[in-house]
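Just so it is clear: in the sequence shown, position 75 is 75 by the working numbering, and no numbers are missing.
Among these hints, one or two may not hold up.
[Stated by the list, open to error] Using C-beta positions, here's what the derived DEER-type ranges look like:
no., residue 1, residue 2, range
1, Leu-66, Leu-3, 24 to 32 angstroms
2, Ser-67, Trp-134, 28 to 36 angstroms
3, Leu-75, Asn-46, 21 to 29 angstroms
Quick caveat, the hints were computed from the structure, so don't treat them as lab data. Ideal Cβ positions, reconstructed from N, Cα and C, are used throughout, including at glycine.
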Amino acid sequence: MKLRYQILIGILLTLIQGIVFNFFGNSAFFPNVILVITIVGVFVENDVQKWLIIGWIAAILRDISLSIYIGIGSLSLIVTVGLLLLLMRWISNENVLGVCIDIVLGTAIYNSFYWVISALVVSSYSYSFAFKHWVYQLPLNILLGLAFYYFVGRAEKARRKKERFRYYL
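Produce the complete structure using the sequences and hints provided.
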């Protein structure tokens, strides 16, 4: 995917995350749009730097506009993608099940690390409170990730097919 489209997706991610937050409020049904699209973008396109920078900037903007502490979400996003990159050799990202596993692990790592950093800056939330709504958030994250995987995966397959047959035309 071209850089200008990735920047546009990053801007849209920040706006969509704010709209979703205002629509759902602090209820249990709150998907993490930035996390899911960054994970799918990194693992489907194998373009770590661009997607990580776009996701990091979107997470910083989300923290500035919606959070009490600035930088916790972006740092958690970087740690999540880093740990998932270490696990990448054991998880296949060529199929839907691998992407679902990436999203589930990414959500668990992100929420855990977010809670650890929040606890270090004297937040009063417990670990059980951090995962209280995780059961509701996971299916929404998986559905959102599968929808994005469908569109990005189709474009990536078309690009690979074009590169594979380029020399035979």
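I want to verify a distance hint. Is the separation of the beta carbons of Leu-66 and Leu-3 within 24 to 32 angstroms? 26 angstroms, holds
Is 21 to 29 angstroms respected by the C-beta to C-beta distance linking Leu-75 and Asn-46? Since the Cβ atoms of Leu-75 and Asn-46 sit about 23 angstroms apart, the hinted range of 21 to 29 angstroms holds.
Ser-67 and Trp-134, beta-carbon distance inside 28 to 36 angstroms? Distance hint for Ser-67, Trp-134 is violated at roughly 18 angstroms.
The structure fails hint 2 only (numbered hints given earlier).
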